[in-house]
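Trainee: Dock chains C, Y and L against the given chain B, drawing on the hints supplied.
Taken in order, these protein sequences are the chains called B, C, Y and L.
Quick note, my numbering runs 23 ahead of the 1-based positions in the first sequence.
Quick note, my numbering runs 23 ahead of the 1-based positions in the second sequence.
Quick note, my numbering runs 23 ahead of the 1-based positions in the third sequence.
Quick note, my numbering runs 23 ahead of the 1-based positions in the fourth sequence.
If you're looking for bench data, these hints aren't it; they were derived computationally from the structure.
Note that CB positions come from ideal geometry on N, CA and C, so glycine has one too.
If a hint is listed, it holds; no wrong ones were tucked in.
Just so you have them, the derived chain C footprint on chain L, three or more residues with Cβ under 8 Å:
#1 196-207
#2 223-232
#3 235-247
Protein chains: 4
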Amino acid sequence: MKRKIINDPVYGFITINHPLIFQIIAHPFYQRLRRISQMALAQLVYPGATHTRLHHSMGAYHLMCNAISELRGKGVVITDLEETAVKAAILLHDVGHGPFSHALENVIIREHHEDLSLRIMQQMNQEFGGALDLTIRIFTDKYDKPFLHQLISGQLDVDRMDYLTRDSFYSGVSEGVIGYDRIIKMLCVHNNQLVVEEKGIYSVEKFLVARRQMYWQVYLHKTVLSAEMMLVKIMERVKEIYSATDEKLRTGSALDFFLSSADQAQPFVLDKFCSLDDHDVMHAVKVWSEHPDTVLSLLCKNLLNRALYKTKFASVPFDKELVKEKQDAAIQRYGLSREEAGYFCFTGEASNTTYQRADENIIILFKDGSTKDITSIDNALISQNLSLPVKKFYICSLG
Amino acid sequence: MKRKIINDPVYGFITINHPLIFQIIAHPFYQRLRRISQMALAQLVYPGATHTRLHHSMGAYHLMCNAISELRGKGVVITDLEETAVKAAILLHDVGHGPFSHALENVIIREHHEDLSLRIMQQMNQEFGGALDLTIRIFTDKYDKPFLHQLISGQLDVDRMDYLTRDSFYSGVSEGVIGYDRIIKMLCVHNNQLVVEEKGIYSVEKFLVARRQMYWQVYLHKTVLSAEMMLVKIMERVKEIYSATDEKLRTGSALDFFLSSADQAQPFVLDKFCSLDDHDVMHAVKVWSEHPDTVLSLLCKNLLNRALYKTKFASVPFDKELVKEKQDAAIQRYGLSREEAGYFCFTGEASNTTYQRADENIIILFKDGSTKDITSIDNALISQNLSLPVKKFYICSLG
Amino acid sequence: MKRKIINDPVYGFITINHPLIFQIIAHPFYQRLRRISQMALAQLVYPGATHTRLHHSMGAYHLMCNAISELRGKGVVITDLEETAVKAAILLHDVGHGPFSHALENVIIREHHEDLSLRIMQQMNQEFGGALDLTIRIFTDKYDKPFLHQLISGQLDVDRMDYLTRDSFYSGVSEGVIGYDRIIKMLCVHNNQLVVEEKGIYSVEKFLVARRQMYWQVYLHKTVLSAEMMLVKIMERVKEIYSATDEKLRTGSALDFFLSSADQAQPFVLDKFCSLDDHDVMHAVKVWSEHPDTVLSLLCKNLLNRALYKTKFASVPFDKELVKEKQDAAIQRYGLSREEAGYFCFTGEASNTTYQRADENIIILFKDGSTKDITSIDNALISQNLSLPVKKFYICSLG
Amino acid sequence: MKRKIINDPVYGFITINHPLIFQIIAHPFYQRLRRISQMALAQLVYPGATHTRLHHSMGAYHLMCNAISELRGKGVVITDLEETAVKAAILLHDVGHGPFSHALENVIIREHHEDLSLRIMQQMNQEFGGALDLTIRIFTDKYDKPFLHQLISGQLDVDRMDYLTRDSFYSGVSEGVIGYDRIIKMLCVHNNQLVVEEKGIYSVEKFLVARRQMYWQVYLHKTVLSAEMMLVKIMERVKEIYSATDEKLRTGSALDFFLSSADQAQPFVLDKFCSLDDHDVMHAVKVWSEHPDTVLSLLCKNLLNRALYKTKFASVPFDKELVKEKQDAAIQRYGLSREEAGYFCFTGEASNTTYQRADENIIILFKDGSTKDITSIDNALISQNLSLPVKKFYICSLG
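Isolated chain B, as found in the complex (with noise of 0.2 Å):
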């Protein structure tokens, strides 16, 4: 049997044994992976940021093969058709996320990421001759089992386990630290749903806060979201100016073909959708800071040399009059219209909420058999009011 081990140095090695897992890993739409990095622009912040999506998706299929292997210990029936189902579909689950994703989901790609991820595992099971039919039955949440839908795709899943703890790792930021571990040691199965043991309470309530940490802390860091919003920014003056006639615009990549389609509302190609990666934007961006554009070329220039917006938070919205006054200044600077000092100042609402009771709840299996949601336990840190969101208001400008 084939067996291959991969260090990394979160989990220390990650084991492969598995025809269709070796299968999928070599698959070009999967090694895409290697070339979209996790947290996006996160590093122009925490410099050591750099890990890539494949990573994160191996670290997550690491940890279903321990949950998998917990759960079974406890006496949960799992075939090894399921078995390897669920350890596809975790492989896959972020298949569909596109370069720099929250920052180009909503201006360049129309779809959301879990839909594509929906439609590559169709076509990739296509071409694997329905091998990953159980897959997609589990991971539309279809299948009888919904507990392995949960371990992919919940409130306490081995997705965010892995990106908790690995974003923490390589941003270096203890306060997201979780005790991945004894969460996964601490899961059950009740009525086919995934439960927690009551004595992983507190591992499960530190998880809700650490995540609640990496938010505000990282996240939605002020001179993260800075860089997101520049990135946004430049891909809405493109589409903006675009004309196809434009030669300066053109970068060579999959780009070209979503800007110049981007009005019609027939579904692209998937096959372009997955031959985009973060070298594409990125050297569009240098392309574009060399464009006549004004607006377009600065922002370029700024978000590669790290020149982001300054930016601030506070607990009400800004007042209009300062969104006027720094736009009147970049006006007066750059011989700018109102409508394009809206790129150099601009406000917004950043928003997050630490534990949702809309989302997958997450319930505690008592000794007697009782569950309970995590929120209505005694004395629990989660109490009900951390189910609201936390909302900040933001203002960014450009000097």
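Mentor: Then chains C, Y and L, alone, in the frame of chain B:
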């Protein structure tokens, strides 16, 4: 006084607190290092090894801060000016690295990265009004405190200490772990030379063994070598078939310049070089993967999809017949000329020396004030025979 | 200048470089802390938790060194004398801990460990000719820079930072990991009070949550509680049956003195106290495990062989009938009186507060110079209700 | 099925899931290992090195679990019975260690700890009704799958892998870090012998170098040696002046038995031995520190207060005149006889061999099925000369 701390998963926090250091870091030439990965294509084998040259140089800067503070604590006189200069020098020591240096240095870029680092420093020095004068003197070993230069570039410098530590950390190869903090605490200055206190011998041995192991297990890992040779061969092929009028070879980046002027003897424009990064190269590989030339497009596709050369090592050269056979197979399969088949099967040598006597030696300082080269110490692990290079022969072939 | 570095798996290296610090460390009163384990009997549940009070106090000293250097870097004036004094104070802050403090403090030793620390410091101050004058003033909060005292003893002091970090490290409970280095970098002094910069809020939240988790998962873990209650009960039984002429109770250590004079009101001889350590207590338990008194010998044997009380927690008090039933069983089995049966089944309460408002508050300093208690900040995780103690009832019984 | 997980800071979690393993761990003979520190007095130099023999044996058990699972994954047949037996054997391999083994083994206890481990296993086997039969056959290498014995006791066994890893972790000496998980993944069985796959060579080299470094930097560190020699000398002095009627030598533990019967040839009572632990020895040292014999009380006080011998190493024997001079000083100062002065200054040798050819060899398995001893491999770091012992001479003296 402005002061900034940067999260580093390896050392915790890196502190920046001097205007010149801020100025260097903010410079586009330095920011470019964010887009150049430290370990080039090693991430095809070690998926975590995605850290950048910027991150490495900041790490080396951090170790330099520690080393200076330790040496001062032992009474070594280092002025504030010298301190800033040597910190600037370590930040900039690798600024002349191009993308995928080892693969491109002799094909596209004809200058050694250290010479380029110096040229870039000189240009920045002009911009900074001479603020880097002392930095350059130390970097070029023309300052009369040679130990400052040795901290930057010697057999036991902070550059090596950081890259071993960081590469080991990010790749997850524990064999490369060294006791960098202990080595730094054992550093001393004797007759203006950098030396190591006697009780640091074991840490130095460990350092040399770790370096040896990282070479064979990581930097010269057969699959890493495969990938890098594939990029070398891609570049050689592009140069071979290059024509300024072949639109399908155009990449839209400074690579075009270096390819077209590759035969000209004149020193290239530094700014062109300083615009090159990994994105340009990987974007080019993607563009060329669609090129009509079979050899070029095939190599490019294979690199993108990680379908690398099969590589074997041996302690004696490979039989020429074997190479011919494998080339014959490629000729048959793809309809190539013998010359073109050379891109599909070839041989070479890799070599590494554990301790290079020709290089800056590692000197041990004994309690009685005497000094010895580490290889001449009783019972040392690092004996004479480790000063000889270990050479391995390899063969690469594509099925 | 004499200078010594000590290996610490938690922080790397701890540096000692002041004569007074050397003098303190060399003193037998301080060396005794080597023989007192930091987490008492928690190692019966967490086998790695064997670190000592000496190691903890050195760790806290190391964090103090870092804190002082950070504060000075921000312009806070701390003289060399103050620096040494506050370092001495943190080294000695726990010097008054006896063996298994929590178990013995109210049974054998009648003084609180902080008062004992002060008495010991005073005696050492005499020996050192007044060198600890300032140390004592800071320790007792009688010095006019209250932030120095707050670094030693407050809700966010280096004592807590080290014990959470160290206890978490040695027990392997990742839930207790805190970002101590980030917190220290966020410390500031405002109106002579220790405060935390705004952007340190998340790290402080994490610190409070980690502390809460360590209490319930480790310090008050039901089996740890079992073991400590077993030692308490052993001590109570010895006192109950104590007779100066019972040779079989004699242990050959200072315990004999404390047992025989336990009823006397006079303050005990400090030297006697300072000779007591874990070895005396564990040796005594071994001696007493052979004593003819069934209750005593049984408890002692059980503790040695880790046959601990079965302990349960509940959110409401346990039924008295249940206790009586279990005591009846013990009476039956071992032929005990009702009173003696109280050693075999009893109840109690454990309690912990995440954030104690009565304690030194944690004050956040905003960029505009205003300050707020951490509980009154918008959207804070640490809301008012975390200032209330969480109380749990427990029952212990021996089968 | 009963199942328990134990937190281990080194490996995360250790799982116990077999009744025999639970039975062994619950046995008082095994629980005694909690009270015996793994690194004896090394904690006087490395304050973190306080872990116990129980913790080490659990760690080795964990690695054994991993090794078995890896070997089975490679098709090696290991039955469930063999699995349990070899796990039991590794748990018990050190059960015969007395307190401070290296210091006491030839003075108080006359049997080697491996022989004692066997005797204890045999007694437990009787209690367990023969459940340890196979365990004992494997432990004594009388079972026809020698690789099982080699996993417990060989040059690359899980015992060594755990103690290097754990001692390095707890002492904070990074030089001892080894890639234990990689080595385990490289293990294989060939002709019933344990071998290492070719690509594991570097990890094995690293392992041997780490072991060498731990010997000289930790186990034979001059101050560790000082402390252990001080305990040896204390024991020698007690034996020398021993009289059954000297009440001031009585300690109240099994030490009294071993001291009084030390001259008797008869095998000692195993139960007596199994009651001995570190607390008895340290308590005894405290009792003897008050003894009227100057030599004894002084050595004891010095050990307690860490006022250790000054020790020097040299590559040639020390001059006898020097020893005499230092003894003269002691004679003068304390009014001793020449013989007694031998407790205050003496010489000796320490020695360590990096790779012992006489021991179980480390065999490398090549892809073509051939095998070689690691020292006979081309370019290996571990060459013939590392098979020779390194010997150092030392002198200890007390001022």
